[in-house]
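There are 2 protein chains.
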Amino acid sequence: MTTQQLSPTPRTTPTRGRNRQVEDRRQLMALLSDALVAHLGVVAGGHPVVLPTAFAVDAAGPDDGGSLYLHGSVAAGWLAPALEQDICVTVTELDGLVLARTGFHHSMNYRSAVVIGRPRQVTDLEERRRALDLVVDHMMPGRAATLPPATRKELAATAVIALPLAEASMKQRTGGASLEPGDLDLTGWAGLVPVRRVASAPVTEDYVSDPVPELVLRRAAELGQA
Amino acid sequence: MTTQQLSPTPRTTPTRGRNRQVEDRRQLMALLSDALVAHLGVVAGGHPVVLPTAFAVDAAGPDDGGSLYLHGSVAAGWLAPALEQDICVTVTELDGLVLARTGFHHSMNYRSAVVIGRPRQVTDLEERRRALDLVVDHMMPGRAATLPPATRKELAATAVIALPLAEASMKQRTGGASLEPGDLDLTGWAGLVPVRRVASAPVTEDYVSDPVPELVLRRAAELGQA
Numbered sequence: 433m434t435t436q437q438l439s440p441t442p443r444t445t446p447t448r449g450r451n452r453q454v455e456d457r458r459q460l461m462a463l464l465s466d467a468l469v470a471h472l473g474v475v476a477g478g479h480p481v482v483l484p485t486a487f488a489v490d491a492a493g494p495d496d497g498g499s500l501y502l503h504g505s506v507a508a509g510w511l512a513p514a515l516e517q518d519i520c521v522t523v524t525e526l527d528g529l530v531l532a533r534t535g536f537h538h539s540m541n542y543r544s545a546v547v548i549g550r551p552r553q554v555t556d557l558e559e560r561r562r563a564l565d566l567v568v569d570h571m572m573p574g575r576a577a578t579l580p581p582a583t584r585k586e587l588a589a590t591a592v593i594a595l596p597l598a599e600a601s602m603k604q605r606t607g608g609a610s611l612e613p614g615d616l617d618l619t620g621w622a623g624l625v626p627v628r629r630v631a632s633a634p635v636t637e638d639y640v641s642d643p644v645p646e647l648v649l650r651r652a653a654e655l656g657q658a
Numbered sequence: 433m434t435t436q437q438l439s440p441t442p443r444t445t446p447t448r449g450r451n452r453q454v455e456d457r458r459q460l461m462a463l464l465s466d467a468l469v470a471h472l473g474v475v476a477g478g479h480p481v482v483l484p485t486a487f488a489v490d491a492a493g494p495d496d497g498g499s500l501y502l503h504g505s506v507a508a509g510w511l512a513p514a515l516e517q518d519i520c521v522t523v524t525e526l527d528g529l530v531l532a533r534t535g536f537h538h539s540m541n542y543r544s545a546v547v548i549g550r551p552r553q554v555t556d557l558e559e560r561r562r563a564l565d566l567v568v569d570h571m572m573p574g575r576a577a578t579l580p581p582a583t584r585k586e587l588a589a590t591a592v593i594a595l596p597l598a599e600a601s602m603k604q605r606t607g608g609a610s611l612e613p614g615d616l617d618l619t620g621w622a623g624l625v626p627v628r629r630v631a632s633a634p635v636t637e638d639y640v641s642d643p644v645p646e647l648v649l650r651r652a653a654e655l656g657q658a
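Chains A and B supply the protein sequences, listed in that same order.
Sequential numbering from 433 applies to the first sequence in our numbering.
Sequential numbering from 433 applies to the second sequence in our numbering.
So here's chain A without its partners, still in its complex pose (with noise of 0.2 Å):
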């Protein structure tokens, strides 16, 4: 990564919430190791469109602010589009719900990054067998050096992209419920429902009899097991 500090552009200064953006680059880097869903904006037929899909990140990619990378089949009808345009990625993990006295100050709590950026086709074949790996290790650490090398045909068909990190913002929402001056003279309950996301105990194919490895039962664990 280039700085600890997160330089947002205009487009990436949030507009609203300012007292809850962060400037340090290294939350902005966990956020995107939690999280396993982005959401990808993209104009397409004239309109945004925005897409979940898996993600992975590189802090030490060839990008400016290093990586992120997405990938997708070569004949999904966001890829050409994308590669004409500045695209917006957006990881936002839920945290809790956040009840006050007033519904105004009903809220969650939440960790948002957006990235914003022209994309890079990835077409070194080398980068793009790091990147399609990192995205499996992305959602189970570990677990691509266990598998078998991806072959001609999986590669022709999977095409990758990568975004600069250089242009993202991050923020965050964190506490209990804002409370004004007035509410204190109000009654009822206030408070924090924290949430977050669980795995519960991996479920084996029928046609595997291998053991569960123990990278699989850690991630489950580490995702705090129901």
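The set of hints was computed from the structure by calculation and includes no laboratory data.
Predicted model, so just to flag it, every value in this text is computed and none were measured.
Some hints could be false.
The list makes no distinction among identical chains, and a pair is therefore deemed to hold if it is satisfied within one copy or across any two copies.
Heads up, simulated SDA-like pairs for lysine to any residue below, C-alpha to C-alpha not over 20 Å straight-line [said to hold, decoys possible]:
hint, residue 1, residue 2
1, 585, 616
2, 603, 469
3, 603, 468
4, 603, 639
5, 585, 539
6, 603, 565
7, 585, 610
8, 585, 556
9, 585, 628
10, 603, 559
11, 603, 508
12, 603, 577
13, 585, 611
14, 603, 655
15, 585, 615
Got chain A; can you put chain B on it based on the hints?
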């Protein structure tokens, strides 16, 4: 709701993974009911911006197909552009990590709805109050009725927009790892790690002496208290 059948237009018809397309409008409404966060896509400054946001749905709302409500500060940067263009609202829930014998078939189980349309600014006072109550109740069913009504000042600070649910599509992936004929010749574990969102025990604010309301306890339990 106008129909049980989803009728995607060309721009909401997925170009890939058509086998994952969901045709039943009840499943769309169930996903919109389950999810807590939407991702709003607008074009602002010549590029797409994707922002996480709370939302609510009124299946019997005045818009074609029912109404999806978003709210925000009247000073939010996305608001003015959003009212002059078609926007996209995407709602995604992650249900599992799918681990195959090949990297290529690694995937995630998810449900995702994509709604595209021209938003309408909600100006009618009654509808605005109702929409804001629905946003609170979406997060915490039954909560709005226990709160004081929004003040004029709060209403003046809050914009509400409605998106018709007419042009919506939904995709879903369920089940275990996809199996290519050749995968049976491979070795190694394959399976599913189910994931879901859970709540932990509500945390009461220091200044509150009331007990945690029954509806908050019920909601936390419904979300699968960990």
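**OP:** Could you check the structure against the hints above and give me the numbers of any it violates, in ascending order?
**Re:** Going through the list in order, the structure violates hints 4, 6, 9, 10, 12 and 14 and respects the others.
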